[in-house]
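Novice: Listed below, chain by chain, are the residues.
There are 4 protein chains.
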Amino acid sequence: MSKSYKIAVLGASGYTGSELVRLLLRHSGLEIAALSADSKAGKPMAEVFPQFAGVDLPELKKIDAIDLAEIDGVFCALPHGTTQEVISQTLAKKPNLKIVDLSADFRLADLDAYAEWYGHPHKAPELQAEAVYGLVEIHREKIRTARLVANPGCYTTTAELPVIALLQAGAIDPEEIVIDAKTGMTGAGRAAKEGMLFSEVSEGIHAYGVGKHRHMAELDQEFSEAAGKPVRPSFTPHLAPMNRGIYATTYVRGTGGTDAERMHGILADRYADEPFVTVLPFGQVPQSRHVRGSNMVQIGVVADRRPGRAIVISTLDNLVKGASGQAVQNMNLVLGLPETMGLEQVALFP
Amino acid sequence: MSKSYKIAVLGASGYTGSELVRLLLRHSGLEIAALSADSKAGKPMAEVFPQFAGVDLPELKKIDAIDLAEIDGVFCALPHGTTQEVISQTLAKKPNLKIVDLSADFRLADLDAYAEWYGHPHKAPELQAEAVYGLVEIHREKIRTARLVANPGCYTTTAELPVIALLQAGAIDPEEIVIDAKTGMTGAGRAAKEGMLFSEVSEGIHAYGVGKHRHMAELDQEFSEAAGKPVRPSFTPHLAPMNRGIYATTYVRGTGGTDAERMHGILADRYADEPFVTVLPFGQVPQSRHVRGSNMVQIGVVADRRPGRAIVISTLDNLVKGASGQAVQNMNLVLGLPETMGLEQVALFP
Amino acid sequence: MSKSYKIAVLGASGYTGSELVRLLLRHSGLEIAALSADSKAGKPMAEVFPQFAGVDLPELKKIDAIDLAEIDGVFCALPHGTTQEVISQTLAKKPNLKIVDLSADFRLADLDAYAEWYGHPHKAPELQAEAVYGLVEIHREKIRTARLVANPGCYTTTAELPVIALLQAGAIDPEEIVIDAKTGMTGAGRAAKEGMLFSEVSEGIHAYGVGKHRHMAELDQEFSEAAGKPVRPSFTPHLAPMNRGIYATTYVRGTGGTDAERMHGILADRYADEPFVTVLPFGQVPQSRHVRGSNMVQIGVVADRRPGRAIVISTLDNLVKGASGQAVQNMNLVLGLPETMGLEQVALFP
Amino acid sequence: MSKSYKIAVLGASGYTGSELVRLLLRHSGLEIAALSADSKAGKPMAEVFPQFAGVDLPELKKIDAIDLAEIDGVFCALPHGTTQEVISQTLAKKPNLKIVDLSADFRLADLDAYAEWYGHPHKAPELQAEAVYGLVEIHREKIRTARLVANPGCYTTTAELPVIALLQAGAIDPEEIVIDAKTGMTGAGRAAKEGMLFSEVSEGIHAYGVGKHRHMAELDQEFSEAAGKPVRPSFTPHLAPMNRGIYATTYVRGTGGTDAERMHGILADRYADEPFVTVLPFGQVPQSRHVRGSNMVQIGVVADRRPGRAIVISTLDNLVKGASGQAVQNMNLVLGLPETMGLEQVALFP
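Residue numbers (our numbering), protein chains in the order written: chain A, 86 to 435; chain B, 86 to 435; chain C, 86 to 435; chain D, 86 to 435.
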């Protein structure tokens, strides 16, 4: 079977880029037609990521060298900052492209919020107006018809899936949401920094960005929409000595007598038919390693011993459902392919 | 200089036992006179823990084979359950011994609470009455004159040091304490279980004992005493893929206008002269790896963006300040030695 | 498309069992019809391996409870020792089954060698006579017509692929082969033993089984066949703190003026058309992480500075090409399916 | 007790620098008087290495700002290349200093060998002439009277201790030495490079510098001196996913009927009285984790099944006996202090 659509991956030399390539190689509807990596243009992908040795892939090139005429969909896995301009220029050249952007550049609908959190005005406000926030299980129908999808952050996807469902059901107090999140190292990308060295990360754990992580802006936006009023959760990210995985432990308080078991019921119902969300039996706790490499989210709900409170735990692989996997899911939607195509892979454990 | 006191370590074949030996070997006031390990009696310590190859140590023997006549102090590092009987019998034989018990057997002053959390009646209630909870920085004076010190749990020491100080100062709401804690694997000991295998622990993180971990009983006891009324915090332990370290991220709400910076001031003042507690500058976050192998606690306080709330982070090495190091600190106190003796070691990082 | 053949996995509660399930779930020609796990019979697979939560799989049952009538092929992932009897009985019940055995029970053609290395006589000598050693790239044609395939060991596959090719070419001295191999923890399985605990394995490396590892018997058999005379290499396995991966560094001496570059040419030619073997450019060194989760072998050849000698490095994932992946490759062959079916997955890195 | 000698550490912001500080803080004869770190001059040490928070240490300053008048001994932990000039200038200012240099700049007595391996002429040939190679157990007496000690490399110390002893005894064939070595990440220092990121190092193993690692030059020098003729061993370093530890598996062939057990005897005799070398019982294999954080070397000897050959395994902590610990041992010697002073610490395991 010849694959249906031709795809370009911009920023293929980063981890989300290589993860897109991994997933697309087993996707029967999307074909990798072009790979860009400005600083490594001219090199074979296998030189940058040796796991692709022996795999037939296009050479890395500069973005401008990509012939858009043959491209149907673009994954944009570029660093924050340049993305708004690159996407503007790309859509100017070929307006009927479908683009899934993995950066944070189009996630915030409120231009003022963007400017506040990112320290500069938005460079493509007209595109922002049409961009759709690509949290599939929440915004699926809007995504189907989008031209530009802003793929959500890894932390935010993890926390939003359970919490939005509970907020929409009016089951929890929006003033009392505490999200204690843990991530692996790949979420920080491949740029060499002292704090990311093996010797600085292994055999220890620590919080970072406490009180000021940019993913808060996404949480605020989506939680507020779900609650119908402004919500500002507490959110603390931690770095654990592992490659992959986000693990969010969320402390919530039920409203109107809603207890933990009822919350579990709400989530189990809400996600019963979702192919990539598993709500574990009440009281059971997920482990991040059991979703490693897959597009799955596992959610557990446990009663807190403080009456009326619950501990909601959600986990996913930050490079898959937290980035490249959800991006493929979004691309499947905008191109009209089956949503699960290319994402059927079970977790690699152990 | 000949060392002042002769010491027996009961349960030297576990990790807290070997850690006691490590610390005692560089202690100038305590001398290892006897090591017990029932199932490994007759073996040299270096066969059970090869890091002691070449070190002059007494052979492992059964507890009954220890000649108490020559012993001044006993560290009891036995599993929960047998400890109450062993200590009763030991003190019956030699009433003027000093004992620091690393198990949970004498930590709960309330016999009913003990029975509830441990599922059976206390086997040495009269000894419980005299046991002192060995959280040194909080109960130092009572410890000095104790015969039997119940060394606190690793999680509890980590969370209690900052939270008790804040509760005693009336600075935080006792109803709104959420402790999200992360530990390394050594806290679970050396008994072989499937869930503790390398392949089951590496490259992932997960919560466990959610809503029911026994260290809650200690937190309740100490927090309630500090607050002057019953306190039941939310507490969720997680297992991170590392050997050592407890990392507690505690979410609190100030009372009467107390903000995060004020909380930081309270902690900085309270622990200014403590040799084993470092309160970092306001807004700075500790890392568990920076206390690895040392008896230090590092505490950081950061403002939550929700007004009036703070995130208090504390970390220590579960085998040192969370177990064997604090046990040595307690033994120093009860024997009248300088409190820091044998505990001067800086963290091993990286 | 309905899948062609129905498959039973015996021993699905171990790591090679769960890995078979992972691979078979994306195999378009093999369907999982039955899963056995004696001690966990009656449980859903997702209870034993939570990564399968939400996946439709048959319940675990006892071997005897499997209806062989509906089965075409059997993967036997049982521990050494019981396998010979189980396979004898199974084939007695249904002689036209195809069986790929992942244990060591049928790998040694010489019954005396078996008795010597395993300490007891072979229990199914007549079956041994028909068993084919399933190192696909070396014995492909014999495997196609086999009923019982003995899937090779993980260490042996890693070392044999380069060394057999060099021996068959007469390029290296059979008397001077030193194999220094490193493995991850999953090779030891899931049975709980002290030496496999996270705290005993992380943050360190060590050799084991030095001078007496059973995989030597396989190496001897295959190397001797390739060389046309008895060969007994030196082989030292090490345990590295990682889940997956075998990494064999093999020191060889060229014969008749064969230098390292010539050896590289021999290997590059020999494996040019093999879908699962990549010979890297001369002088380039593979990394075990770049084959993680895939069925790939990467081989590198570097000149030693001692004239005429070379360092040949080969690596694979012990659970895939070193076990379950090669088992699927063998099953594809014996059932007449395309050899690469279900094994197209690229490595999961990072 | 006031400490006897005042010490400067040049290059305190690297891992060997911080390790020196860790060791010196518990050294009763050496006092830290000055710490240099050019790029971090003016900062407190605790800002660069948070494990020193709360410890009283001099501020980091530029080398030129150190008042040499008060200094008795200098540890030079600077990167290769600048060291020759820095030490020349320092000794010009104060000729009666004692210097232990942890870089590779003064390890090769042969200036041509230096130029060949390091790609440029030696910048302080006259100092090279007086420098003593600081492998204590081999060159102790020469070190005692040295002014400038070249602290050996981590790989080289590990391999040289057993192999030199065997060569000196004429027990092994110098033509047939194969050293397969594994190291942890800290050996590469703290400078940020892509290949040293957690995500690139964890969960995998690989060889590097194959056939051309600079430590070969040291091995050649010391092995040749021991054998009395030119020796060029095969040496292959690997990077294992751990912080600390060198593990050398050395394959040797006995001469004149010397078997493995005899080699063991030679090593056991040779190192019987050495405080930092433990030769394990014949056939027993060390683990790198059992020397972590200590100045110990553990050596094991196992018979190869190839007659007349043995596998000699040695391990140490690359930051301690492989760098800063051995440097302290050398400084103790040149200053006339007890050799073991400040190095009594047992390994931190687990």
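It cannot be assumed that every hint is accurate.
Since copy identity is lost for identical chains, a pair holds within one copy or between any two.
[Claimed, not checked] Derived BS3-like pairs: lysine-lysine, alpha-carbon spacing no greater than 30 Å straight-line:
| no. | residue 1 | residue 2 |
| --- | --- | --- |
| 1 | LYS314 | LYS179 |
| 2 | LYS227 | LYS128 |
| 3 | LYS147 | LYS314 |
| 4 | LYS178 | LYS88 |
| 5 | LYS125 | LYS297 |
| 6 | LYS128 | LYS297 |
| 7 | LYS208 | LYS125 |
| 8 | LYS178 | LYS128 |
| 9 | LYS88 | LYS314 |
| 10 | LYS227 | LYS125 |
These aren't lab readings, by the way, just hints derived from the structure by calculation. Note that the coordinates shown come from a computational prediction; the quantities given were computed from them, not determined experimentally.
Novice: Against this structure, judge whether each hint is valid.
Specialist: Tested hints:
1. LYS314 to LYS179: Neither. Shortest intra-copy (38 Å) and inter-copy (67 Å) distances fail the 30 Å Cα cut-off.
2. LYS227 to LYS128: Close neither inside one copy (38 Å) nor across copies (41 Å); limit 30 Å.
3. LYS147 to LYS314: neither (44 Å within a copy, 56 Å between copies)
4. LYS178 to LYS88: within (24 Å within a copy, 45 Å between copies)
5. LYS125 to LYS297: between (33 Å within a copy, 27 Å between copies)
6. LYS128 to LYS297: Between copies, since 25 Å is at most 30 Å while 38 Å is not.
7. LYS208 to LYS125: This pair counts as within: shortest intra-copy Cα distance 26 Å, inter-copy 37 Å.
8. LYS178 to LYS128: Result: close within a single copy only, 26 Å intra versus 51 Å inter.
9. LYS88 to LYS314: Intra 45 Å, inter 51 Å, cutoff 30 Å: neither.
10. LYS227 to LYS125: neither (36 Å within a copy, 45 Å between copies)
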